[in-house]
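**Q** These are the residues of each chain, in order.
2 protein chains.
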Amino acid sequence: MDKYLITGFSGFVGKHFLDLLELKGEAAIAMGVDLFPPNFEYQKNRNIQCEFMRLDLLESNAVQSVLSKFKPDYLLHLASYSSVSFSWKNPVLSFQNNANIFLNILEAIQIYNLPTRILSVGSSEVYGDIKTENIPIIEEQSLNPKSPYAVARISQELLSKIFTDGYGLDIVLTRSFNHIGPGQREIFAVPSFAKQIVEGHMRGEKSITLRAGDLNITRDFLDVRDVVKAYYVLLKQGRKGEIYNICSGRGVSLIEILTLMERTMDVRCVISKDPKLLRPVDNAIIIGSNAKLKKETGWNPEISLEQSINDILMDGKFKQNK
Amino acid sequence: MDKYLITGFSGFVGKHFLDLLELKGEAAIAMGVDLFPPNFEYQKNRNIQCEFMRLDLLESNAVQSVLSKFKPDYLLHLASYSSVSFSWKNPVLSFQNNANIFLNILEAIQIYNLPTRILSVGSSEVYGDIKTENIPIIEEQSLNPKSPYAVARISQELLSKIFTDGYGLDIVLTRSFNHIGPGQREIFAVPSFAKQIVEGHMRGEKSITLRAGDLNITRDFLDVRDVVKAYYVLLKQGRKGEIYNICSGRGVSLIEILTLMERTMDVRCVISKDPKLLRPVDNAIIIGSNAKLKKETGWNPEISLEQSINDILMDGKFKQNK
Chain A
11 MDKYLITGFS GFVGKHFLDL LELKGEAAIA MGVDLFPPNF EYQKNRNIQC EFMRLDLLES
71 NAVQSVLSKF KPDYLLHLAS YSSVSFSWKN PVLSFQNNAN IFLNILEAIQ IYNLPTRILS
131 VGSSEVYGDI KTENIPIIEE QSLNPKSPYA VARISQELLS KIFTDGYGLD IVLTRSFNHI
191 GPGQREIFAV PSFAKQIVEG HMRGEKSITL RAGDLNITRD FLDVRDVVKA YYVLLKQGRK
251 GEIYNICSGR GVSLIEILTL MERTMDVRCV ISKDPKLLRP VDNAIIIGSN AKLKKETGWN
311 PEISLEQSIN DILMDGKFKQ NK
Chain B
11 MDKYLITGFS GFVGKHFLDL LELKGEAAIA MGVDLFPPNF EYQKNRNIQC EFMRLDLLES
71 NAVQSVLSKF KPDYLLHLAS YSSVSFSWKN PVLSFQNNAN IFLNILEAIQ IYNLPTRILS
131 VGSSEVYGDI KTENIPIIEE QSLNPKSPYA VARISQELLS KIFTDGYGLD IVLTRSFNHI
191 GPGQREIFAV PSFAKQIVEG HMRGEKSITL RAGDLNITRD FLDVRDVVKA YYVLLKQGRK
251 GEIYNICSGR GVSLIEILTL MERTMDVRCV ISKDPKLLRP VDNAIIIGSN AKLKKETGWN
311 PEISLEQSIN DILMDGKFKQ NK
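Heads up: the sequence lines are chains A and B, in that order. All you need for the working numbering is the position in the first sequence, starting with 1, plus 10. All you need for the working numbering is the position in the second sequence, starting with 1, plus 10.
Same shape as in the complex, but just chain A:
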């Protein structure tokens, strides 16, 4: 019976990974750890055996205790302070909660000589400034980090390499691009749009005023359910020490997403530009290449953008109706 330890369990991705394990019908034991308990059901109505434990990954003794007792076969490292803007305001906290937490995990696995395969979930932010000719971005692209957050993510990658080469740890790495899907917090653009549109719709409005930043930026959005499938397949088949982009391979502008939402909900939006949502140094276009992941694992994204948007809106409606 395979044992999965999932850090950052209570976040957006944790629930979807648990759903996937359930779907696979594997005889598996999952243990989720996070600073705060999840706001989703992880035991009731589930066939899979799942425990949750509060854990601050900065506390190395606690990390060692949990890992040495649970002895996971697989460790999905989702935990991260993943906000770029937070990292500018609190560089020390951001750095510690990205680089140091990961290092504590690696040290625990090394000290207790655990046979754990680790998926180090990282971020496309490590690429930083990207010239148009380098799009779609491949894994060999040189790194040009532009935030304290991105530096912490690079440290995480370099430490993975050191622990793989030097201590023989079994680590596979990702650079994950933008995720979308049901359950995402509304601090991100797509769920924020969905929330505003659903609320307007519930009030019976046909023309909805929508607060937004720059709608012209193009990003590579992948549905979280396709993301967790990629994580699963990499845990099982990824090559030790290798880095894989996790992305859809195509660019979608925020204006396209908004248009899809308008059509689905049969409303029109009037944009109210919010200067607070504008980032001065953002890349206009970020698109990743998923060729390596596809070629090596056979993974393919299965959820269309239309379905993602529909499910996000339905999820928003459901929340409003509760």
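Derived from the structure by calculation, the hints contain no laboratory data. Be careful, since some hints might not be right.
Copies of one chain are not kept apart here, so a pair can be met inside one copy or by any two copies together.
As the list claims (entries may be wrong) - Here are the simulated DSS-like cross-link-like pairs (lysine-lysine), alpha carbons at most 27 Å apart as the crow flies:
hint, residue 1, residue 2
1, Lys79, Lys99
2, Lys283, Lys54
3, Lys156, Lys13
4, Lys305, Lys250
5, Lys286, Lys171
6, Lys171, Lys156
7, Lys302, Lys156
8, Lys250, Lys99
Values in this document were obtained by computation on a predicted structure and should not be read as measured data.
Starting from the structure of chain A, add chain B where the hints point.
**A** Below, chain B without anything else, positioned relative to chain A:
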């Protein structure tokens, strides 16, 4: 009156930098901080005003308190857990005491908006594995870190870049190669040889058994008194955001150093190979290029290898006679 804050003050380099400030005859105030007080005189018989304060750079509140009160014009960041082998045994401690301590300093300077020019002293270890055709190593060489220590040093560099570009901090960076000179701890090869030879000499031996590792490795040794001159000139003239190799530009094998010592002391050594002193994955040859430093600052090394070796041996003799 210029104020210098020197972290890692009690180490090998701190005393020599203070000596240099004294020599310059500048009206300067120096404050040294370290975990432990220095074992050299920093007040008595000195014209320069110098204070010492115990400080753990991991304690961000204490760092902020010291920096905001002292408001240094120049900060020489010598503090580091600089042992590669320690970083393999204690990766978390090593990483924290290299990357996190530096980040605490940067955050304090940013929060209090101090006009401090920082010299981020780093390490040639960031280059890692180097092919022979890339010797002498220039600053543009791609990095290939091979230890947790080297990863922490790369984090330090990347954070410097982020804080220079993003917050406007004034940081100059070094990649320092091997130092030698009077006062170095005997855990390093050159002072260890000197100690063994001086001790044998004091016992009246003409043939001295010397414990050593691989004597064929070639390194770029720079006298610490030339190192601190480079640090001084970079604090004054280095370009913000730039990285400079600190090195002699020439390679010397350990066997050459040993031969010099034998000649100076008129003894012969019989080598007793100590497997504990052999590092399995060491580069055979490391030589840096100091062309950038020379060109931009006019700095030139002034102390010959013969003089370095002589002074190290005399320093050892002095210690034995005390």
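**Q** With reference to the structure, classify each hint as holding or not holding.
**A** Results for each hint:
no.: 1; hint: Lys79 to Lys99; in the structure: between (37 Å within a copy, 22 Å between copies)
no.: 2; hint: Lys283 to Lys54; in the structure: neither (43 Å within a copy, 65 Å between copies)
no.: 3; hint: Lys156 to Lys13; in the structure: neither (37 Å within a copy, 31 Å between copies)
no.: 4; hint: Lys305 to Lys250; in the structure: within (16 Å within a copy, 44 Å between copies)
no.: 5; hint: Lys286 to Lys171; in the structure: between (38 Å within a copy, 25 Å between copies)
no.: 6; hint: Lys171 to Lys156; in the structure: both (22 Å within a copy, 9 Å between copies)
no.: 7; hint: Lys302 to Lys156; in the structure: both (25 Å within a copy, 26 Å between copies)
no.: 8; hint: Lys250 to Lys99; in the structure: between (35 Å within a copy, 23 Å between copies)
In this structure, the hints that do not hold are numbers 2 and 3, in rising order.
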